[in-house]
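There are 2 protein chains.
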Amino acid sequence: MANALILRTNLNEGIPGPEHFEMRQFPRPQLGDGLLVQLFVVSADPYMRYRIRSDGDFKANTPMLGLVAGKVLESNVPDWKPGDLFGAELPYVDIQAVPAAKLAMFRRLTGLVNEDNISLGIGALGMPGSTAYGGLTDILRPKRGEVLWVSGAAGAVGSMVGMIAKHVFGCTVIGSAGGPDKCKLVMERFGFDHCIDYKVCKSTRDLIIALSKVAPSGIDMYFENVGGMHFEAAMKCLRPNGRVAVCGVISDYNNPKMSPNKIYISNMIYTAQRIEGFHCFPWLFGQRGNFLQDMAKWVDEGKVKVEETVFDGLESFGSAFRALFEGGNTGKVVVRVTGTKSKL
Amino acid sequence: MANALILRTNLNEGIPGPEHFEMRQFPRPQLGDGLLVQLFVVSADPYMRYRIRSDGDFKANTPMLGLVAGKVLESNVPDWKPGDLFGAELPYVDIQAVPAAKLAMFRRLTGLVNEDNISLGIGALGMPGSTAYGGLTDILRPKRGEVLWVSGAAGAVGSMVGMIAKHVFGCTVIGSAGGPDKCKLVMERFGFDHCIDYKVCKSTRDLIIALSKVAPSGIDMYFENVGGMHFEAAMKCLRPNGRVAVCGVISDYNNPKMSPNKIYISNMIYTAQRIEGFHCFPWLFGQRGNFLQDMAKWVDEGKVKVEETVFDGLESFGSAFRALFEGGNTGKVVVRVTGTKSKL
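For the protein sequence lines, the chains are L and H, in the order given.
Take 1 as the starting number for the first sequence in UniProt numbering and just add one per residue.
Take 1 as the starting number for the second sequence in UniProt numbering and just add one per residue.
Hint data in this document are derived by calculation from the structure and do not stem from the laboratory.
Wrong hints could be hidden among the right ones.
Chain copies aren't distinguished; within one or between two, either way the pair holds.
Claimed, not checked - Simulated pairs of lysine-lysine, DSS-like, Cα-Cα distance not exceeding 30 Å:
1. K303 x K262
2. K262 x K213
3. K202 x K257
4. K71 x K202
5. K213 x K257
6. K202 x K262
7. K59 x K236
8. K257 x K236
9. K297 x K213
10. K257 x K59
11. K81 x K143
12. K143 x K166
13. K305 x K166
14. K59 x K199
15. K184 x K199
16. K236 x K297
17. K81 x K236
18. K59 x K202
19. K102 x K262
20. K184 x K297
Make a model of the complete structure from these sequences and hints.
What follows is the structure, encoded as structure tokens:
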């Protein structure tokens, strides 16, 4: 049999959890013109929150879809052979046939990656890694000695942004995270220079004061994962030639309507400041930069430390997804599919 | 004697006019270690509005300072000889000695430029020209067939942005301007595809409807000269990979406090949209691009048409400055200094 994680209902408001998902069994599929594959790990990522809304592209009563890593079981194509490891976007079904026409977006996981650490393929060497890499290197373009602020600093993307900026580019790196335990992790394990516990900031003004204390001359770059008061505090403290990379707005994801921010665009003119949104695809698929080689090297050298919060079993996806919005994770949220021998 | 235009009082609110300036006479200065120069034309530009506030850098009871073009009368430096024409930022004093240490920022006006059309040096080949050039070519980076919207389309910068985008880059160009006469000029003389009379739009929603009518698939680029409802309408209609160049916010210049805009940064992520502020210096001084050669060629070819509103006499600066904020000009506002033989 094959096991699928099904989205039970679309959800426009509030925090998603186990009650919005269920498992279903199907007959084990047969190899077609492409591959028969087994999933080892699947992702729970904040961006999925938009996609389960009724105006999103994930439909109720169908399997969830997202970024996965797994192994080829059987193959009918010359490029792939049984045992090969891959990363891809696929339905959350533990064993499935993939048509040959859909293999263009499969990424081969080699080098550092083996069955035991295959979650790298959905983490540092997958979507979050390429998001951190592209957003930092090509959108923010750091220079040695500049000051970076990154929100969601204990999360999958934010932690890697800060580690690359600090240990590769030689920036001064300030994080913000929710609560003292996360701030400790950010400082001690990831090696950030400072971390602001945003939960003790009751207002944008509080956050500006906290940021100004650790960045008295302001910030050169802000990597946005959170939105809301973080964005406005960053703009207030942004120096001339400052850059803001907009990656995510998690504070907004569970609200029925998007919340606007206030912006004073006239402040951006003589300072030549820039705000730029982006998504990871150009770097993940090799159209820009040198993501896989660079990131594998940095992981290997220990400059980027792999941090994961692991949930066991495809059926635990709902709990894993909920954790993202309740501060229940550090680093990448990995859902390990039952029956694999993955043992991080 | 030398004649100076003096700022009488700083002004934090309201429209500046003749009552805020006065003329004063000084003894004719003597040549020092640099140049003795005569001004032929001086600028009235919107950006000066910020600088005459009490927190600006223009002090009451001193001469106004801004972009000028003139001629060398006497010289003590090898690079300049009597009769040479120049563009520079100088105090508004018709005859003045310029120390050698201040000549680094002098630009030589040659090629197309002669005494009769020297206002090109404060227009198409000066600050407004380099602003239009840099903002369009390096900040917006147009591709053939893309749709550009530019506000202040009858003004010095906006008109040139649209003409370059249309006649050099092959874009579809939409302007916005105040009133039917300006819209007619924008369409008929400058050759824009469409022009929106923003004065008939009572709200952001009206402006969005007007813009959507002429750009039913949205806009790829917005060149911001105005701010307020223009910015929000542009963001609403901005397509994926859309870019906004923030050049000026004239709707805000006479208010005592800056007005914020609403922005939904989450809309910028998957669309990879960018908002970028800039000022003309990198292009005006040749650090980026190829401004002087390119623009002189486009003027010569008639792709960029020179449009000016001329005021006669240094003492008319106050009226010229007021015209900028009352819709009283088309193209570049030129103040012709009395006693020159400039005769555009």
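Against the structure, the hints:
For a Cα distance limit of 30 Å, the shortest separation of K303 from K262 qualifies neither inside one copy, at 36 Å, nor across copies, at 39 Å. Taking the closest pair of Cα atoms, K262 and K213 come within 30 Å of each other both inside a single copy (23 Å) and across two copies (28 Å). In this assembly of identical chains, K202 and K257 lie within 30 Å of each other by CA distance both inside one copy and across copies; the values are 22 Å within and 25 Å between. For the homomeric pair K71 and K202, neither the shortest alpha-carbon distance inside one copy (47 Å) nor that between copies (60 Å) is at most 30 Å.
For the identical chains of this complex, K213 and K257 are inter-copy neighbours only, at 26 Å across copies versus 33 Å inside a copy, given an alpha-carbon limit of 30 Å. Taking the shortest Cα distances, K202 and K262 sit within 30 Å of each other both inside one copy (17 Å) and across copies (22 Å). Proximity of K59 and K236 under a CA criterion of 30 Å is satisfied inter-copy only: 27 Å between copies versus 40 Å inside one chain copy. For the identical chains of this complex, K257 and K236 are neighbours both inside a copy (25 Å) and across copies (15 Å), given an alpha-carbon limit of 30 Å.
Taking CA atoms no more than 30 Å apart as the test, K297 paired with K213 passes in neither setting, with 34 Å inside one copy and 52 Å between copies. For the homomeric pair K257 and K59, the shortest alpha-carbon distance inside one copy (20 Å) is at most 30 Å, but the shortest distance between copies (48 Å) is not. Proximity of K81 and K143 under a CA criterion of 30 Å is satisfied in neither setting, with 43 Å inside one chain copy and 43 Å between copies. In this assembly of identical chains, K143 and K166 lie within 30 Å of each other by CA distance solely inside one copy; the values are 11 Å within and 37 Å between copies.
In this assembly of identical chains, K305 and K166 lie within 30 Å of each other by CA distance solely inside one copy; the values are 12 Å within and 51 Å between copies. In this assembly of identical chains, the alpha carbons of K59 and K199 never lie at most 30 Å apart, being 35 Å within a copy and 45 Å across copies at closest. Taking the shortest alpha-carbon separations for K184 and K199, only the intra-copy value of 14 Å comes in at or below 30 Å, while the best inter-copy value is 56 Å. Within a single copy, K236 and K297 get their C-alpha atoms no closer than 36 Å, and across copies no closer than 42 Å, so neither meets the 30 Å cut-off.
For a Cα distance limit of 30 Å, the shortest separation of K81 from K236 qualifies neither inside one copy, at 54 Å, nor across copies, at 48 Å. For the identical chains of this complex, K59 and K202 are neighbours neither inside a copy (37 Å) nor across copies (40 Å), given an alpha-carbon limit of 30 Å. For the homomeric pair K102 and K262, neither the shortest alpha-carbon distance inside one copy (42 Å) nor that between copies (41 Å) is at most 30 Å. Proximity of K184 to K297 under the C-alpha cut-off of 30 Å is restricted to the intra-copy arrangement: shortest distance 26 Å within a copy versus 60 Å between copies.
Comparing the model with each numbered hint stated earlier shows that hints 1, 4, 9, 11, 14, 16, 17, 18 and 19 do not hold.
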